[in-house]
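Asker: The chain contents come next:
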Amino acid sequence: MSSSSAPAVSARSWASEKLFLGMSFADYLKSLATPWNFVAGLIMAVGLPLIAYRFVFGLGATTNLSQTNPWGIWIGFDLLSGVALAAGGYTLATSVYIFGLEKYHPVVRPALLTGFLGYLFAVLGLAADLGRPWNLPVPIVYSFGGPSVMFEIAWCVVLYLTVLFLEFLPPVFEWLGWPKARMWAVRMTIGLTVFGVMLSTLHQSSLGGLFLMAPTKLHPLWYSPFIPAYFFISSIAAGLSMVIVESALSHRAFQSRVDHHVDIDGIALGLARGASIVLFAYFFVKLQGIADSGRWALLATPYGYWFLVEMLGFVLLPSMLFAYGARHSHVRLVRWTAAWTVLGIVVNRMNVSVVAMNWNVPDRYVPSVTEVIVSLTLVTIGVSTFQWIVNRMPVLKAHPEYRDSESH
Amino acid sequence: MIPHDILTLYSAKMLEYGIAVLFLVLFIPFWRYVQGPAAAPAAAPAKIRVPVPRAAEWFLTPADRMFHRGHAWLKGGDDGLVTVGLDDFAAKLVGPLARVSLPAIGAPVGQGEQAWRLMAADGRSVEMLSPVDGTVVALNPALAASPDLAERDPYGEGWLMRVRPSRLRANRINLMAGAAVRRWMAEAADGLRGHVAPGLGALAQDGGAPVSGMARAIDPEGWDRLAARFLLTDEEDAHA
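Going down the list, the protein sequences come from chains A and B. Following the working numbering, the numbering of the first sequence begins with 1 at its first residue and continues without gaps. Following the working numbering, the numbering of the second sequence begins with 1001 at its first residue and continues without gaps.
Next comes chain B alone, as it looks inside the complex (with noise of 0.2 angstroms):
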């Protein structure tokens, strides 16, 4: 039998609590120092909060309609058609459009794919992902005269075909409504916001929506690869 003095063993108990003590109070700034976003400390002067409309705001987005993560949307119909779109968010990012290059008739779309290319007059443009599996059945006739549209009235005259879904019901799982996309665009917006905060911040003050043709604004010469950064379709995915 070893003899024990109660106060040592007492002093020892104490410090090795002391230490599991320790440990969980300093772990908790640890852990968020190294999840913590990178260079955060060096952004935040630049986001100094001026009154601007919540970001979610800033884009339409109809309860009607439900949206794919590449900035499109899609609407069902009662003739098992759905009617496929751009959103608000991708229209504003791109802005005036020379064309719009829809695939043909016939032609089979595939969710999560490249789809259609909006171009713009300076000759570059972007391409956009299918909301949903399927084959293409129509194309709107009034975009080829006036292409500009689908930037105007996105979720109206600017519709851009509409597609037979071959498995609406498994594309269901990636698509969003409701709050989900207020959530998304908003942190869409954010997103376009931290990019660039001087600019924004600037158009955000004088009240309103953001100016047509954002991405232009932000980066006039690598707007296209801006754009496509938002809309899902950058070089990694394109090489993919």
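Next comes chain A alone, as it looks inside the complex (with noise of 0.2 angstroms):
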């Protein structure tokens, strides 16, 4: 590579190397042809096209959020539920870097990744969702905005997805063989895990806080002056039931990329007693919520019927498998118990900006096929990316150079 006589040679076989997983470019193209990729190419053909639509005739053409219902599943699926469930990002890394829990190390990259590309395509289907998206810089360059809710959120999403870029740093320098930016990378660790969990502490309540404004639209049982704190408390029990989900299906797909010596059992089931005990708390707080308001009459309603399907099948449910899992080494039942706890908080950030939402209005939304295929086709960009990403860097394996080094 260092070659200087044969340049268009050496920028061949770097390309083969680093892009093509050390296949010529034909070859390449035959490696794609996979189930997976027919069907992920399949998605994005009929959703590419459609999120151009959107962005060239509006939101009105393509999708059936009206004045009364402006937020329809583009924020509750694609922005709500992609933050949760990105929070594993600074969940582990906090585990990991600020209390030292070394035992999760080898899930932290991962983590991390899922956590970036979580917030990406979080934006991406915000940038999809707003009628302006051409506005999205404002509040961070033009107009500050402080009194609005808005500003906080945009200021921390900006910041932490940086913050997460920055922290996947380390193996992006490995892939590229980049010894020195490495270095400083590491070295930035420590204060970017702070800085990451303060951010996150701070937007993942303020994504919660949201629904402080509209205590009149929202259904008494989900709205609640606590709703910050129940949206940072079950995104912990989210992100690490998702990297219990994704170190699962990681270890399955990648079977030549990933650490055959990392125990990922005894992973799971330590992540399985945190999010046991998160959920076992956040069921109380939950409850304390109710006790507040003092609406109990309303769970005999067909609304608190499905508030209770969340509460007890989605929260409690899952509280007591974890337990059960987690103390019988029962790793099968931790990891099914991890897909539907990241099911049941796709539910609860549903029910909280969709479902329970303008409940009282005689005008319900329903998502139009087109905002279903537009959140489909970025969760399948999103999967393909992080497939692209985990297929050249060390993510899933330590670097052979770096295996024995310091921190990350």
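Note that these hints are calculated values from the structure, not bench results. Check each hint, because a few of them may be wrong.
[To be verified] 25 angstroms max Cα-Cα, derived SDA-like pairs, lysine to any residue:
| no. | chain 1 | residue 1 | chain 2 | residue 2 |
| --- | --- | --- | --- | --- |
| 1 | B | 1013 | A | 316 |
| 2 | B | 1013 | A | 297 |
| 3 | B | 1013 | A | 288 |
| 4 | A | 103 | B | 1174 |
| 5 | A | 397 | B | 1234 |
| 6 | B | 1013 | A | 291 |
| 7 | A | 30 | A | 255 |
| 8 | B | 1013 | A | 304 |
| 9 | A | 397 | B | 1113 |
| 10 | B | 1013 | A | 212 |
| 11 | B | 1013 | A | 299 |
| 12 | A | 103 | A | 251 |
| 13 | B | 1013 | A | 230 |
| 14 | B | 1013 | A | 281 |
| 15 | A | 103 | A | 400 |
| 16 | A | 397 | B | 1112 |
| 17 | A | 103 | B | 1113 |
| 18 | B | 1013 | A | 311 |
| 19 | A | 397 | A | 184 |
| 20 | A | 103 | B | 1031 |
| 21 | B | 1013 | A | 296 |
| 22 | A | 103 | B | 1170 |
| 23 | B | 1013 | A | 225 |
| 24 | A | 103 | B | 1191 |
| 25 | B | 1013 | A | 285 |
Hints are included, so try docking the two chains, each in its own frame, into the full complex.
Answerer: As structure tokens, then:
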């Protein structure tokens, strides 16, 4: 690669090594013919033109959003759920780098990558959802709008997305073969982790804080002055569960990329202990919210039944299953429970932003097919990006040259 | 202004305090359940207490040695060299030895890295970890003729080798002495007993020390793997 006499050849070998997994371009293209890539390609082939269509013809032509129901699944699913499920990044980075729980070191990088991509695609989803996406930079560079709750959200997302990007730089530099840059990136770890947990605390909760503005629109069982705390606490359980699910899937899908000496089962059981206790506490904090509002009678209404399904089925039940699985080393149970909890977090965020929102208005929102396909497309692009990075950078396994190095 | 009915407010507060107290009361058993050892209830009946000597007393741990978690000891001398051997636990675990395969004089050894191998009469062998970084300067000449010395007198005639340490100060962080050794040895013995409550229970009842070659007594087929697990050199470490 250092030969200056044949730059074309070295550039080609660099591309072959770094981008085409050591294959020639033709071989690389052939290697892409997998069932997953076919499905992903199909989704993108439908979804990408729809995204273009939305930007050309506007929200009215593509969504079922209205003045009454301005927030749909692009907010409830892509943004709120995406950000909650990206919480594994700060949860794991804090556990390992601040609390010194070295056992979880092997899953920090995948968690940070999941966090980064989760945020990135949440922002892309937001860009699709905003009527005037070109105004996105306004609160950052032009008009802060300090009194708006959106001010904090905008700044936290921008800063935390940057922090996640910087936190993920060590594997990028290892992949590129830049040891000096990597050294500097590793030195920033503690500072970035502290900054990251501050920003996440602020802004996981401020996403809940958004709904403090809508006390009359949100169903009283979901509305509570404690809703910022609900969002923050549940994001920890969401992050832990997402790491359990993601590490299990990665170890299955990227057999050749994982470190088989890592006790991934032990890590899953440890994370399950944490998730179990967080969900247990979350259940009681939510109960406290109902006691505070005194709206017990509403539990005996159809919305109340659905609320109970969420609280008992998606909070208390996984808490108990995690506890049982962790105590009896039942890894399969723990993984299925984690997937169930991830679903539960999506249910909660969708409930708050869509299902229980405008519950008392006759004009109910149901997402259009376009909205669903665009959401699906964004998730597919996110997963494909994860796959692209994991296949190239040392994410699931330490880089051989840095295996014994200090942190990271 | 919202007119407050003081009694209604009071009952709501009582409920909130009640939920908080309920949470705290339930949290303690829940926490203990989540953190508790797997399958502990099932194992409990097998562990009915018989009057056994305290586990730590099964194995000798002379006060003038420092111990490494891989069950090797080291003792400093005035000449700047350290003497290295295996501890009583390792000796009793592995039992009668056919040969001790030591590194060559001049070879480097690293703390926590595999340094020598104990070979039994049945042809199977177990690796052990060096407790110190340095260079081997002498081997125990008596071991070649009678390897069983290492098992019969691990702290005396059965020493293994002398090492010129390269960073003894740093290595000390990973060595134990005094009360820490007894605690650690008790844990190791408990681990062994927990492994095979029936076999060792009987052994302890007849009054005394564990039999030589405990690992083989416990698991005749896979004793070398069992021993390696206690000596921290089982498969996973070996491949790392």
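Asker: Any hints from earlier that this structure breaks? Give me their numbers in increasing order, please.
Answerer: Violated: none.
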